[in-house]
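Number of protein chains: 2
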Amino acid sequence: MKQKKRTTIYDIAEKLNIAASSVSRALSNSGSINEATKMRVLAVADELNYKRNVLASNLRKGQSKTIGIVVPRINQNFFSNVISGIEEAAHQKGYNLIICQSNESHDKEIQCVNTLINQHVDCIVISVSAEGDDYSHLQNVINNGIQLIQFDRVTDKVETLKVINDTEQVSMEAVSHLIDQGYKRIALLEGPQNLDIFRQRKTGYLKALKKHKLPVIKELVVENAWTKELGAKATRKLLGLPNPPDAIFASTSDFSALGVLEVASVMGIKVPSELGICGYSNEDFTEITSPSITTIDQFSIEMGKTVANLYFKEGSSGKPKTISIKPRLIVRASTKRKG
Amino acid sequence: MKQKKRTTIYDIAEKLNIAASSVSRALSNSGSINEATKMRVLAVADELNYKRNVLASNLRKGQSKTIGIVVPRINQNFFSNVISGIEEAAHQKGYNLIICQSNESHDKEIQCVNTLINQHVDCIVISVSAEGDDYSHLQNVINNGIQLIQFDRVTDKVETLKVINDTEQVSMEAVSHLIDQGYKRIALLEGPQNLDIFRQRKTGYLKALKKHKLPVIKELVVENAWTKELGAKATRKLLGLPNPPDAIFASTSDFSALGVLEVASVMGIKVPSELGICGYSNEDFTEITSPSITTIDQFSIEMGKTVANLYFKEGSSGKPKTISIKPRLIVRASTKRKG
DNA sequence: TTTTATTTTGCAATCGATTGCAACCAATTA
DNA sequence: TAATTGGTTGCAATCGATTGCAAAATAAAA
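In order, the protein sequences belong to chains R and Z. Take any residue in the first sequence, note its place counting from 1, add 19, and you have its number in the working numbering. Take any residue in the second sequence, note its place counting from 1, add 19, and you have its number in the working numbering.
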């Protein structure tokens, strides 16, 4: 039953002794076509197990009904959730997803983007890698007439549609929460400052301190501590200071916060009484560590849906527009030392 | 600088006053072409920012250099890891991925498969949903001349290439390990028995009991406990028995095992001394619960790479073939009560 | 019945790249 | 000088679906 050649509209046309164009009209439900012939076409199409060749169709129509996605890593909770959200919304509209991962490499990112341009996708959704600060490949997307949407990790250097979190605000909330709980020397683990999101998290941290009239202590701010290992390393350094912090805001990720927690546990430092810990992302595990970790939920699936719907609504307008989703601070045991 | 029409080989041909076919040959590096003209073509292509229209190319060549993937959920650790593995291997060969999620719904699965057939992907990789036991849509893939590869959750009803774990063997190992640790009344949380993998896990469990001459106790086998909530519910029931189990093998997932752990902790039952717990999948969190959970690593990224390479190697042969990856039992605190 | 309006159809071009075949040119050989 | 060879090139068909336009068939109006 294996067929070499697939059935085409010509096969159907021949069998019914009508023109291929009529078959096309019958199948695509467009143009004028007699109801009776339409039925006959549909019947034969079914009988011959016809599947429309989307390649040919798209070539002719000059579109692909496909959205390309580039993320640093597919298998990272946040990203796979966003993708899942996009998939759901896109699927409803009959769109498909082509997915690439940049592995945080700027070169691979460029490669991925070019592949997607070649594929003539209708839209490219990207969260840029941490590496590199040349964004001509993104400009190139626009120059090729492809809609570009950035999310989460966005750059200002290219004007596009964007979906982001109100990172600064929630970071400020998180740090304010720590201060409310009586923490006074709050350290910050910060991410690569070439990415907006990490800069904003830092700004939120600084604003909270300022608002509550706490001094900014330089030695309590540690750069690029965004994996578990780096978080742990930073913590060992911080807790070894003559005047160590009494709380750590791991603004980079929950993984980093996990590193903090593990080091504290090894050093016999009690969380939250002696050290408060706040992470970022609401990874699943933050709920089940002991103590559970206070963190920030980014509504990742929601974010994916928003990205897709933004494309479907604003797809053609071409005006840059930014949608901001308010993340939510989730207070858990690791920072609760009052009440 | 936004262009309406993209540059085609005809634009290049016109500019150089040569035939489009020559341009094609120059760009695709095939056929005979003078080195000098090739250089000129390449230069002009670059100058005009030419991007090959993959749609047209694929239409002509009758292939798409695309692999379609259908998984129950993109944002589930195991699956996103497999996808990540596939992506890595596929990208190296210049292949793209189109990804769909079935959401464990049989209908959506059929829809996804049909979309991928329409897209004329070269290969469809699928891990079937738990629902339903009609697999004519898979047969349909084969009938359309598309290579089909099943992984992890596979069905015997369709003969295809398959990549699976040696689930039975490792399940047996896991239960044997529990027995070695002195557990005598070992409960099993089992998954939907229409899926091979869950049947095999059960078989492994039974074989281990038999091998060590332990009786099979019917009331200790609980069906369909594969989420955290269902795992918890099952545990409450099990621990409420007049003669409760002293170990639970949550063969369905680590989430289920987590449910077990939480209930035990609430009920004040000590793990591992009073209750041993073993999960399945090696989710990240199993390492950081307290106690950490003994589980089984499926080598998911590896599995993805294997799937992709299987396609690249066996793609044309058409013979069904099964590759089995040996998973690894990871013994952690939740089952260590000796030594 | 003739004319006009409307609905159905078919023809042929098109989307952009690829490829078998034949034509062409230059270089080599007889 | 003529014939052969081999490397380059162009022509034109092809992949399968879509669509503007015109022809044909049908229905409605005069």
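In short, the hints are calculated from the structure, not lab data. Please note that a few of the clues may not be correct.
Copies of the same chain look alike in the list, so a pair counts if it fits in one copy or across any two.
[Said to hold, decoys possible] Straight-line Cα separation of at most 20 Å, EDC-like style, residue types lysine to aspartate or glutamate; simulated pairs:
| id | residue 1 | residue 2 |
| --- | --- | --- |
| 1 | Lys57 | Glu192 |
| 2 | Lys70 | Asp141 |
| 3 | Lys127 | Glu107 |
| 4 | Lys24 | Asp175 |
| 5 | Lys84 | Asp141 |
| 6 | Lys80 | Glu321 |
| 7 | Lys203 | Asp265 |
| 8 | Lys34 | Glu66 |
| 9 | Lys112 | Asp126 |
| 10 | Lys24 | Asp141 |
| 11 | Lys340 | Glu281 |
| 12 | Lys70 | Asp126 |
| 13 | Lys338 | Glu293 |
| 14 | Lys345 | Asp316 |
| 15 | Lys338 | Glu54 |
| 16 | Lys84 | Glu33 |
| 17 | Lys80 | Glu248 |
| 18 | Lys340 | Asp185 |
| 19 | Lys127 | Asp153 |
| 20 | Lys70 | Asp152 |
Hint-by-hint comparison with the structure:
Taking identical chains as interchangeable, the C-alpha atoms of Lys57 and Glu192 are never at most 20 Å apart, the minima being 61 Å within one chain and 60 Å between chains. Proximity of Lys70 and Asp141 under a CA criterion of 20 Å is satisfied inter-copy only: 14 Å between copies versus 22 Å inside one chain copy. Proximity of Lys127 to Glu107 under the C-alpha cut-off of 20 Å is restricted to the inter-copy arrangement: shortest distance 11 Å between copies versus 26 Å within a copy. Taking identical chains as interchangeable, the C-alpha atoms of Lys24 and Asp175 are never at most 20 Å apart, the minima being 49 Å within one chain and 27 Å between chains.
Taking the shortest alpha-carbon separations for Lys84 and Asp141, both the intra-copy value of 6 Å and the inter-copy value of 18 Å come in at or below 20 Å. Taking the shortest alpha-carbon separations for Lys80 and Glu321, neither the intra-copy value of 31 Å nor the inter-copy value of 39 Å comes in at or below 20 Å. In this assembly of identical chains, the alpha carbons of Lys203 and Asp265 lie at most 20 Å apart only when taken from the same copy (7 Å versus 47 Å across copies). For a Cα distance limit of 20 Å, the shortest separation of Lys34 from Glu66 inside one copy, 11 Å, qualifies, whereas the shortest one across copies, 48 Å, does not.
In this homomeric assembly, Lys112 and Asp126 come within 20 Å of each other (Cα to Cα) only across copies, at 17 Å, whereas the closest approach inside a single copy is 32 Å. Taking CA atoms no more than 20 Å apart as the test, Lys24 paired with Asp141 passes between copies only; the shortest distance there is 14 Å, against 29 Å inside one copy. In this assembly of identical chains, Lys340 and Glu281 lie within 20 Å of each other by CA distance neither inside one copy nor across copies; the values are 41 Å within and 45 Å between. With identical chains, the CA atoms of Lys70 and Asp126 are at most 20 Å apart between copies only, with a shortest distance of 18 Å across copies and 37 Å within one.
For a Cα distance limit of 20 Å, the shortest separation of Lys338 from Glu293 qualifies neither inside one copy, at 50 Å, nor across copies, at 63 Å. Proximity of Lys345 and Asp316 under a CA criterion of 20 Å is satisfied intra-copy only: 9 Å inside one chain copy versus 36 Å between copies. In the homo-oligomer, the alpha carbons of Lys338 and Glu54 never lie at most 20 Å apart, since the shortest distance is 42 Å inside one protomer and 44 Å across protomers. For the identical chains of this complex, Lys84 and Glu33 are neighbours neither inside a copy (29 Å) nor across copies (30 Å), given an alpha-carbon limit of 20 Å.
Taking the closest pair of Cα atoms, Lys80 and Glu248 never come within 20 Å of each other, the shortest separation being 51 Å inside a single copy and 48 Å across copies. For the homomeric pair Lys340 and Asp185, the shortest alpha-carbon distance inside one copy (15 Å) is at most 20 Å, but the shortest distance between copies (51 Å) is not. Taking CA atoms no more than 20 Å apart as the test, Lys127 paired with Asp153 passes inside one copy only; the shortest distance there is 13 Å, against 41 Å between copies. With identical chains, the CA atoms of Lys70 and Asp152 are never at most 20 Å apart, being 44 Å at best within one copy and 24 Å at best between copies.
Checked against the numbered hints given earlier, the structure breaks hints 1, 4, 6, 11, 13, 15, 16, 17 and 20 and satisfies all the rest.
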